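Construct all of the structure, not just a fragment, from the sequences and the given hints.
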Amino acid sequence: MVKGLTKAFKKALWVYHCNSGSCNGCDIEIIAALCPRYDVERFGIRLVGSPRHADVLLVTGPVTRQMEDKVKRIYEQMPDPKAVICVGNCGNTGDVFYESYNLVGPIDNIIPVDVHVIGCPPRPENIINAVAKAWVKLETLEAK
Amino acid sequence: MAEATTKTTYQIPIGPIHPALKEPVMFEFEISGERIVDVDVSLGHIHRTVEWTGMQRNPIQILYLAERICGICSYCHPIAFARAVEHACDIEVPERAWYLRVIQGELERICSHMLWAGVAAHEIGFDTVLYLTWQMREKALDLTEYLTGNRVTKAITMIGGVRRDITKDMLPKIHETLNYFKDNFEKLRHIFLDDKTIKMRSQGCGILTYDDALKLCAVGPTTRASGVKKDSRVDQAYFAYPDLDIDYMTPDKLTGEVNGDVYDRIIVRLLEVKQSIDLIEQCIDKMPSGEIVSEPKIPKLLATFKKTSGEGIGKHEAPRGEVFHYVKFNGESEKPYTWKVRAPTYNNILPWIPMLKDEQIADIPIVAASTDPCMSCTNRVAIIHNKKRTILDKEELHRFSVEKTRRLMK
Amino acid sequence: MRFTMLPQVFAQMLKKPFTNKFPVKYVPRNTTKLLEAVGKGEVQIIPPIETPPNFRGKIQYDKEKCTGCQLCIRVCPSGAIEFKPEEKKIKIYLARCTFCSQCNDVCPVNCLSMSNEFLLADTDKYSKDLIVE
Amino acid sequence: MVEKRLNPEEIVKYFKDEFKIKIKDSRIEKRKAGAKKQEFISIWMKIDKGVFKKAVKHLCELTFPHLAVVSGNDMGKNIELIYHFSLYYGTRNEEVSLNISVDLPKSNPTIETLCDIIPGALVTEREKQEMLGVKIKGIPDSRRLFLPDDFPKGMYPWRKDETGPQKMVRNLHEVKK
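Chains as they are written, first to last, in this note's numbering: chain A, 2 to 145; chain B, 537 to 946; chain C, 325 to 457; chain D, 204 to 380.
Think of the hints as simulated: they come from the structure by calculation, not from any bench. The structure presented is a predicted model; accordingly, all values stated were derived computationally and were not measured. One or more of the hints may lead you astray.
[Said to hold, decoys possible] Think about it this way: if two alpha-carbon atoms lie no more than 30 Å apart in a straight line, the pair counts; the simulated DSBU-like pairs of lysine-lysine are: (1) B/K723 with C/K339; (2) C/K413 with B/K833; (3) D/K309 with D/K356; (4) D/K370 with B/K871; (5) C/K413 with B/K675; (6) D/K249 with B/K871; (7) B/K833 with D/K249; (8) B/K718 with D/K249.
Put into structure tokens, the structure is as follows:
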């Protein structure tokens, strides 16, 4: 997370979801967070179609060999004040797929991750809790 | 010099990261004008080496590995694997566990079909229906969490039975959720089947004929929508299905005629949600009492795997079609010698050729979503069928594909 | 009926919103101050949707009862449990755990149990409170 | 088209009198399910490689089978491919699962394709070609299926011998602090 984030980053947090080989358990929990019951849109969090418009990158899944460079490219395409939230244990440590010949490791080998969401899959409230943690990290950065 | 053919078709690559696709899959469409001439799907972006990893672990750990092959149908893979191991090691399953397994399977079918209905409406751009269907699906997830402890990964299968029982005081909550579905089902059917926009976008597009579905071995709602009567719950006697009254769900049950398009697939899936609701109710009244797993002590179970040598197949009707597992033990170690997983969408990728041919580009998301593809299950499949009219070295590939098209079209 | 969804949308307007406004209704001006206020108990946050009985959340480990038989390590699908040979106890990494509670079933002295706490998100995946000692 | 249904013994005899000694061994397994003890029947047959294609054609005359999958295991000296068919789907509790296994010597593991009889077989045959190194003669498309393109050529992940993927395996836990 880069220092000197603008005020706007706090209000409308646009999110881009990238599935780098996940079993899509975490992906449907992310979409469930956007649906009426948890409704993160009241925090201004919206799913956008391209990394160019996004502030936060939600990454899921242990990165497979083919998806490695694509995840890197998406990370570089995002405009600079950006944060990365890694949803689900597969991205954190590749929980059940920890030994395989086609996976290139947890996501923080490839791109710097700001908040790790623990759970398999994490409940939508846990994702909201992670976004709150991202805001706390942002504020401590700005206070320095 | 071969005459220079003017290049009338263009290649459009879609994926692996694309807003319309929830999962990384790579399409390459050859279009001339607005019409799609050719489909070329290449997957493997989610190849997490599930089978190879499974051969390094003992069957208890494989249950939880099989569960994470696909997040949405996270019950069908471990239950088919458990059935294969029970077939190989000849483990008996108590009667009550048969009924508990059917209840979990049908509850997962309701969740998965509701999810699909929402995503399909979202593909057409009908987001209000997505929010409405997913609001109903939250009720089903609450029931799953109440019965198994987690909303998505159920972790309820054990080799030889089930891990959690349904006691008397759980029944009121189950009945309350089922009644919520029954009176909301009419609203869902009304929205999906009588709505002008959904009819406009789905009738007559993405047609899969009867003999195409038969020849390409399509499975699940995709093939039942084309009239092929293929449903392993009814074909085969396993779990408690022979005791329940169950029948093939084909569109002619509701509309009286079958034309195998996207509209028929919506009909088949909605009929199956209704069928699952009354299957769960039948199971609850007919459930005998008794214990729920044949071998509670896990170390003893692991010892039986070490001693057995044999092979077994496990089949189960997942929301997307028939899941097939093959397991072979060689008697030396408790790890299986071979483990083959075949996910339902594995067979539903080939029917995409006849479905997507001569459709417009705008129809790609809805037709692709109509087979309810689950890419994380299907990272084992790719078809090549590209007609490139360039002159140089593509000649041989071109001849191959033209000959294949002629054979397929016969 | 041409547009079947329209009456449903109007009916929806009159009903109570379905959303459970989890921590607070809208974005707080400053999250750290809010969390401190919640810590001191001045501000009441709206609780998440309550979890059912025997929900599979964070693992609790009863250190005295554990005999170090390593059965849970043999059964854990994601290798999340590590053995400490010198004191014959185990250490569980929540960042690797799949929350399947298979170790609870296999433990002969059942010293492992599942709490219903699930709000586990942290900036460092191997931080202190994500490792059950 | 209601064709007559053969019970499992007749199916085995139907193949035996056609191919006589080429059918090495066959066994029928029955498993009970449900209160009324319905049976789930599976027939396991080992067929000689040379006669395999004719056997599948012979099967298609009986009834059009549903090819579930081809599973293969590496038996040290040779590779055993098992073709899992299921017949008589469509009526209640009538389905019979027929599993035909073929042994291919490891020196030249080749077999004819089934794509001209059952087009749906292209999918699983390509996977065997890539995962077990079995050469399928006449397969319409032999491109790599789902392994990444930079995967070393001679390596077959499901083989238990030296061409296994041991060198490529990575343990994702090693990077912990």
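Here is what the structure says about each hint:
no., hint, result
1, B/K723 with C/K339, "16 Å, holds"
2, C/K413 with B/K833, "22 Å, holds"
3, D/K309 with D/K356, "17 Å, holds"
4, D/K370 with B/K871, "21 Å, holds"
5, C/K413 with B/K675, "41 Å, violated"
6, D/K249 with B/K871, "25 Å, holds"
7, B/K833 with D/K249, "37 Å, violated"
8, B/K718 with D/K249, "50 Å, violated"
In terms of the numbered hints stated before, the structure departs from hints 5, 7, 8, listed from lowest to highest.
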